[in-house]
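Guided by the hints, dock chain Y onto chain D, whose structure is given.
Protein chains: 2
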Amino acid sequence: MPTTKRFPAAHLLNVNERFFLIDCGEGTQIQLRRFKLGFAKINRVFISHIHGDHVFGLFGLFSSFQLLGRKNELHIHGPGEIRELVKFYEKYFGTEQSYRITVHPLGYTRKMLIFEDERLEVFSFPLQHRVPTCGFLFTEKYGELNLKKQAIDKYKPGIENIHLIKKGGDLVLNDGTVIPNSSLTLPSWKRRSYAYCSDSIYEPELSEILQKVDLLYHEATFAHGDEELAKKTMHSTTSQAAQIALASGAGKLLMGHFSARYKTHENLETEARSVFPESYAVNDGDVFEVKRVRNEITS
Amino acid sequence: MPTTKRFPAAHLLNVNERFFLIDCGEGTQIQLRRFKLGFAKINRVFISHIHGDHVFGLFGLFSSFQLLGRKNELHIHGPGEIRELVKFYEKYFGTEQSYRITVHPLGYTRKMLIFEDERLEVFSFPLQHRVPTCGFLFTEKYGELNLKKQAIDKYKPGIENIHLIKKGGDLVLNDGTVIPNSSLTLPSWKRRSYAYCSDSIYEPELSEILQKVDLLYHEATFAHGDEELAKKTMHSTTSQAAQIALASGAGKLLMGHFSARYKTHENLETEARSVFPESYAVNDGDVFEVKRVRNEITS
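Order-wise, the sequence lines are chains D and Y.
Per this note's numbering, the first sequence starts with residue 1, numbered consecutively.
Per this note's numbering, the second sequence starts with residue 1, numbered consecutively.
Hints are all accurate, no fakes.
Just so you know, same-sequence chains aren't split out, so a pair can sit in one copy or run between any two.
Computed list of lysine-lysine pairs in BS3-like fashion (alpha-carbon distance at most 25 Å, straight line):
id : residue 1 : residue 2
1  : K291      : K252
2  : K232      : K71
3  : K91       : K232
4  : K5        : K36
5  : K41       : K291
6  : K111      : K141
7  : K252      : K5
8  : K41       : K263
9  : K156      : K167
10 : K291      : K190
11 : K212      : K111
If you're looking for bench data, these hints aren't it; they were derived computationally from the structure.
Just chain D, with the same shape it has in the complex (with noise of 0.2 Å):
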């Protein structure tokens, strides 16, 4: 349940100015505004499960897109009954709809890749939970080299030979001169990395697939101690979840979800520090950064 400082799930993931929502509660339309993140920016929204707390806000969202003239197409990855959601959505409320809305269906089974551009590659993956969920897996691809600008500048490779040095290549000049390529390159960026794990029991082989992730949310419903009653929800505590954290090698871990009966939150963070000091159960509207950083030079 929403508390009076605390509402329903959604993330917000901003990789280099484009924005992935990520589970929609009651009233992400109004905390986006509130923290002033990007609205109209949002083209793909990734839904776990269609438990309401991480899907009321779907109505607002789309009604608000609506008022400001959207025209991009919407992209859901969810649960096949969001698509009778967004039915109901648009018979009786989506009747001057100026956008599409597009379904596409989550499976259930295994690890799946299910959005990938020139940049990104997003998995679901399935987590066990009361109803069918599932848990995403936001990887940057494998980046090029990086030009060094004044070696360009000076040599003036044809776009031919610019593929050849991000790939590693060096390069010969019309008099037969090698530059070689740690002359006219830096490394590449290191690929970064986020993953969601929504409402879910401890599933100690999720850290197979989360295996050295940056930024890793995991549920924490519960504290430590109350262990019977994350098994009977089908939900984690604070140290299941920093155990998942240590086991994947994560850089960070950021706990939510808490159940409405702990009034404070630094006991909870606590807990899973003293498994995974890397451990932070966050506000509303905190955020969190992975910071682009070159691989090593390795030759």
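Just chain Y, lined up with the frame of chain D:
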């Protein structure tokens, strides 16, 4: 559209600790919690029309009632389409539902009594908007005279006599002495009333229905001067809302539903006050009370 300061439409009416919710935009349950307003005490909801900014909060409200283990039936007076909304909710989100939701469809032809109990009558009346829309008028029933405790303790009239006294009768003692009613009673409470005029084009005839209403909410989506926009979208301006209040002889005018184009609302209030001084541009969480006062002694 909601703004960072204003959530979509919802009023909570407290009539002697019975709570009525009127419209239920996205985030209503969140605001109810924030303003510490009785949540579980709501047994009856009135929905003016089937636009998203007036109904999208129903999903979260239903869901939280369920999580709180609600048992009491929830009654909704609203457009027939609300039945479809409830069906949709129950199919996908209400699998473990602990309480019944009953929808009472509105009619749109005339003022109609849609609910009454021992103290209160609620009327719906048609408004002119882009979809079938109703306003609601809540009126306390005519009250009986209030007994003077001291006199009743002294003369100890039986139950039957008490009924007669409450209706204005004198008390005749066994020895034939007549105790005049004025010694036994205080005047009854004045009937208080509240009206909610949801989205509507300027409709001067409304004032006939709203005669002498104590507290009048009337939408004022647009500023004075934007009459053309108001007409086109079937909304009202501040001055038009104030005209309705003036012609109705209302006690106070509450205005809301302001277009997001107006960044501050002082001007809107000023505009209305030039027509009807007791006009208020309401903010989320504002509370207005109609004080209980006794009728004048007429004899």
